[in-house]
Amino acid sequence: MSLVLEFELNGRPCRTSVPAHFTVLDLLRDGLALLGTKDGCGEGVCGACTVLLDGEPVRGCIVLAARVAGRAVVTIEGVGGEGPDALQEMFATHGAAQCGFCTPGMILSARALLAVNASPSAHDVREALAGNLCRCTGYVKIVEAVLAAAGRSAACASVPSS
Amino acid sequence: MSYQVIGKSPVRADAWEKVRGRPIYAADFSLPGMLHSRIVRSPYSSARIVRIDVEAARALPGVVAVLTHEDVPRNEMRMELPGRMAEATAGAVLAFQPVLASDRVRFHGEPVVAIAAETPEVAAHAAELVAIDYEDLPGVWDPETALRPEAPHVHEGGNVLRRWHVRKGDIAVGFRQADVVVEQTYRTPFVDHVYIETETGIGWIDAEGVLVLRVSTQVLEHFRDVADVLRLPHSRVRLEGAYLGGGFGGKEDVTVECLLGLLVWKTRRPVQLIFSREESFIGHGKRHPYILRYRTGARRDGELVALEAELISDSGAYAALSPWVLFYSLVTATGPYRIPHVHVDAVTAYTNNPIASAYRTFGSIQTCVAYEGQMDALAAALGMDPLELRERNFLKKGDSIATGQVLETDPMLGETMRRAWAALGPARAGASPLRIGRGLAASFTPYGRMCWTRDSASAWVGMELDGGAVVRCAAPDVGGGQTSSLCSIAAEVLGLPLEDVVAVGRDSHFTPRAGTTTATRQLFMSGNAVLKASRELRRHVVDQAAELLEAGPADIELADGRAFVRGASSRAVTLGEVVRAMSASGRPMQVLDKYDAPSAPTIDPRTGQGKPFNDYTFGTQAVEVEVDGETGQTRVTRLVACYDIGQAINRQSAEGQIEGGAVQGLGHALLEAVALEDGIIRNPHLLDYKIPTTLDSPAVETILIESGNGLGPFGAKGIGEPAMTPTPAAVMNAVARAVGRPVTEFPITAERVLARLNDAGKDAT
Numbered sequence: 001m002s003l004v005l006e007f008e009l010n011g012r013p014c015r016t017s018v019p020a021h022f023t024v025l026d027l028l029r030d031g032l033a034l035l036g037t038k039d040g041c042g043e044g045v046c047g048a049c050t051v052l053l054d055g056e057p058v059r060g061c062i063v064l065a066a067r068v069a070g071r072a073v074v075t076i077e078g079v080g081g082e083g084p085d086a087l088q089e090m091f092a093t094h095g096a097a098q099c100g101f102c103t104p105g106m107i108l109s110a111r112a113l114l115a116v117n118a119s120p121s122a123h124d125v126r127e128a129l130a131g132n133l134c135r136c137t138g139y140v141k142i143v144e145a146v147l148a149a150a151g152r153s154a155a156c157a158s159v160p161s162s
Numbered sequence: 163m164s165y166q167v168i169g170k171s172p173v174r175a176d177a178w179e180k181v182r183g184r185p186i187y188a189a190d191f192s193l194p195g196m197l198h199s200r201i202v203r204s205p206y207s208s209a210r211i212v213r214i215d216v217e218a219a220r221a222l223p224g225v226v227a228v229l230t231h232e233d234v235p236r237n238e239m240r241m242e243l244p245g246r247m248a249e250a251t252a253g254a255v256l257a258f259q260p261v262l263a264s265d266r267v268r269f270h271g272e273p274v275v276a277i278a279a280e281t282p283e284v285a286a287h288a289a290e291l292v293a294i295d296y297e298d299l300p301g302v303w304d305p306e307t308a309l310r311p312e313a314p315h316v317h318e319g320g321n322v323l324r325r326w327h328v329r330k331g332d333i334a335v336g337f338r339q340a341d342v343v344v345e346q347t348y349r350t351p352f353v354d355h356v357y358i359e360t361e362t363g364i365g366w367i368d369a370e371g372v373l374v375l376r377v378s379t380q381v382l383e384h385f386r387d388v389a390d391v392l393r394l395p396h397s398r399v400r401l402e403g404a405y406l407g408g409g410f411g412g413k414e415d416v417t418v419e420c421l422l423g424l425l426v427w428k429t430r431r432p433v434q435l436i437f438s439r440e441e442s443f444i445g446h447g448k449r450h451p452y453i454l455r456y457r458t459g460a461r462r463d464g465e466l467v468a469l470e471a472e473l474i475s476d477s478g479a480y481a482a483l484s485p486w487v488l489f490y491s492l493v494t495a496t497g498p499y500r501i502p503h504v505h506v507d508a509v510t511a512y513t514n515n516p517i518a519s520a521y522r523t524f525g526s527i528q529t530c531v532a533y534e535g536q537m538d539a540l541a542a543a544l545g546m547d548p549l550e551l552r553e554r555n556f557l558k559k560g561d562s563i564a565t566g567q568v569l570e571t572d573p574m575l576g577e578t579m580r581r582a583w584a585a586l587g588p589a590r591a592g593a594s595p596l597r598i599g600r601g602l603a604a605s606f607t608p609y610g611r612m613c614w615t616r617d618s619a620s621a622w623v624g625m626e627l628d629g630g631a632v633v634r635c636a637a638p639d640v641g642g643g644q645t646s647s648l649c650s651i652a653a654e655v656l657g658l659p660l661e662d663v664v665a666v667g668r669d670s671h672f673t674p675r676a677g678t679t680t681a682t683r684q685l686f687m688s689g690n691a692v693l694k695a696s697r698e699l700r701r702h703v704v705d706q707a708a709e710l711l712e713a714g715p716a717d718i719e720l721a722d723g724r725a726f727v728r729g730a731s732s733r734a735v736t737l738g739e740v741v742r743a744m745s746a747s748g749r750p751m752q753v754l755d756k757y758d759a760p761s762a763p764t765i766d767p768r769t770g771q772g773k774p775f776n777d778y779t780f781g782t783q784a785v786e787v788e789v790d791g792e793t794g795q796t797r798v799t800r801l802v803a804c805y806d807i808g809q810a811i812n813r814q815s816a817e818g819q820i821e822g823g824a825v826q827g828l829g830h831a832l833l834e835a836v837a838l839e840d841g842i843i844r845n846p847h848l849l850d851y852k853i854p855t856t857l858d859s860p861a862v863e864t865i866l867i868e869s870g871n872g873l874g875p876f877g878a879k880g881i882g883e884p885a886m887t888p889t890p891a892a893v894m895n896a897v898a899r900a901v902g903r904p905v906t907e908f909p910i911t912a913e914r915v916l917a918r919l920n921d922a923g924k925d926a927t
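Just so you know, the protein sequences line up as chains A and B, in that order. Under this note's numbering, the letters of the first sequence match residues 1 to 162, in that order. Under this note's numbering, the letters of the second sequence match residues 163 to 927, in that order.
These aren't lab readings, by the way, just hints derived from the structure by calculation. For clarity, every value in this text was computed on a predicted model and none was experimentally measured. Glycine included, every Cβ here is placed at the ideal spot set by N, Cα and C. Don't take each hint at face value.
[Said to hold, decoys possible] Simulated restraints on C-beta separations:
1. H123/A - R386/B: 46 to 52 Å
2. E43/A - E280/B: 21 to 27 Å
3. S121/A - G587/B: 17 to 23 Å
4. P235/B - A115/A: 55 to 61 Å
Work out the full structure, taking the sequences as your base and the hints as a guide.
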């Protein structure tokens, strides 16, 4: 059985048909060849498949594709234009991407944070990213990058999180 | 020394693609007609296979292949570096593992059947239709039981896989000289790598009939393993390295390669194989659990005189790299201290537990827990400051480690320790029920392979007509910035902006062989190969520029993509002009070169005496913890890491290695253990196996010392693995300060801390 879905994808209307059992992650990777969204655990823990659904970060691997009907989805492919946006630039220049596998999900979670909190503290950033696992960086440069993108001094990142 | 590129923090070449989420990983590739695969694995840890029935699975529409051991041309994978390890194994290693189990399974998760189908759903359905009858066999699930004579044998020939020994001085004399002796046992568990990208690959057959695999692997040389299993000439299997979504040693052994190669070769179709997270947990090698029994003796003034250690590691069901991991433990068993009398016996035993193999630090992290736990215990017994005790005994230039190897440069351990400790800042008091504790651990970790392996790496560097350069070097990038650092080295030597140098390749057959991205060896080995090739190429560039500028070659400098006469920078040409002149005059524009690491004979297997490694990275981590006296919960609030890294190549990448290694080490310290019940993994999911999140991790502070003493390019040392070595030990020592006595079994869970708090309470009453 397949579903016809109409939704907004990265700011543009999208109409596609997918098997009913597809998750948002399946829809993006297998249905639409948007490969920036990663599959790290398949059970909603690692956050590598994070995308924004009406601006809220969700885990694509545990949300059924049917849920996006009539809503707006933003994936990493929808972040930045010709060039990178501020978050992407700060991730690159601060060395926040090592293997890079968690990076798209991290950037989308950070984007959701900055949309509601333009000047977060280091602890705010750590709370917002607590659902995105990274095994390479120890999170230090990721937190610095998000703070820098928020226009805050990166020095704030060295304040202990409590 | 002032550099243009080296030691700075340029943005890594791969960063821009990675922040855009562009497809560069193995799972991002697909081919027309590609099949999807599924591996059927043993649910038992020790069983006889009575019957494998694949008829129903084969009959399912959409199924293309259902393969068993009968379909594997040569059903054994060898676990060694071809031709490089044999002389040191002395016949002791039974290092074969079947691709698909035939009559017996030895661990939970062992592959039995491989399936390829038109869709992932059909492959999954076919896996359910495979019927395998097992008959329980007696098993053994801890190494001490495995070493008893009556234990069931995991393999014919017994459960002892390998023993190593160190004999230095006379241990009896040493303990007679000791005024204080401390004795403790430390235990560490199986730990998973938990790279965010699971093991993944895609394979196909190209027009020349070559089997090509594009795999997330640290070791391109596994093309040979695939060829051997398929009984193909080595030239007929090519391995292309994708960017990895993390490795940490877990993608060092064969993961998907042989299964994938088999499926492609048998179906003659492109096939994709992706391990699920559960499959990754049960299907790949783990960190070895260790039991470490230590006795350490010192004189009243703190001088170490004797160290006796027994190291027992659990190899799991197959050999993998266990003998070599144990060897690293042997060499590092004393810690970075001068001890005249040393006696170490190390053994690794087969069990029916998951396979244990390579994991960042390769056996150095477990010994650090023991030797640094002993130092704090000794300090307490002597009534001495733990820093002073260490300072008194640290290895210095000219001292020898327990294997007799003399250190040719200053380890700078005292400086790393003092600076890390000082950076923790003023002590603070905890408000009840919080208890604050601070501790540290010094460490030493080899970088580069064992000397007797005669390691080498090759690289090719070429100039283009526009003045840019290309580096070709088959060094997989696991995320640490290995590729970008090679570009930095070439850019520095050739006087080019970093963005004018591109590294391409990571291919077993297209790029010069550089060896594995393991053992903290790529910067050292491939870095030196790129340095050699770049310097040779520079000579040609300089000669040509000298001709164009009518100056002597000794007066030519290269910088910012230009060649100019020293002291007269207006007499300049662009490197593009130089290279076009080189092309016209027939000068070489490309150089292939090879770097050979210094070698040494195999160590004496009875005494461990000899030169095991070319060099070591030394460093200290200091941590502050907050222990909740009511719940036993422990939080690391500060972590400072100070290392002598010789010379930073990309400063930001070096810091990134240390920050990431320390937080991975925190996971080992406080959170992580594979839960096993008679060899069955009970927590093969990230819901139940917890790794540190942003909220579990402190803002790690990194202090880099750059002595220039390393054997790598520009005096660099390796930092990938050393970054993690001391973290669990430092946390253990800090918790011991907060609680009053150490938790010596890892991870340091709330339960274990509470038990210690209760013990301490009893002592007080």
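Here's how the hints hold up against the structure:
1. H123/A - R386/B: 46 to 52 Å: The hinted range 46 to 52 Å holds for H123/A and R386/B, with Cβ atoms some 50 Å apart.
2. E43/A - E280/B: 21 to 27 Å: Hint holds: Cβ distance 26 Å, inside 21 to 27 Å.
3. S121/A - G587/B: 17 to 23 Å: holds (20 Å)
4. P235/B - A115/A: 55 to 61 Å: For P235/B and A115/A the Cβ distance comes to about 57 Å; the hint holds.
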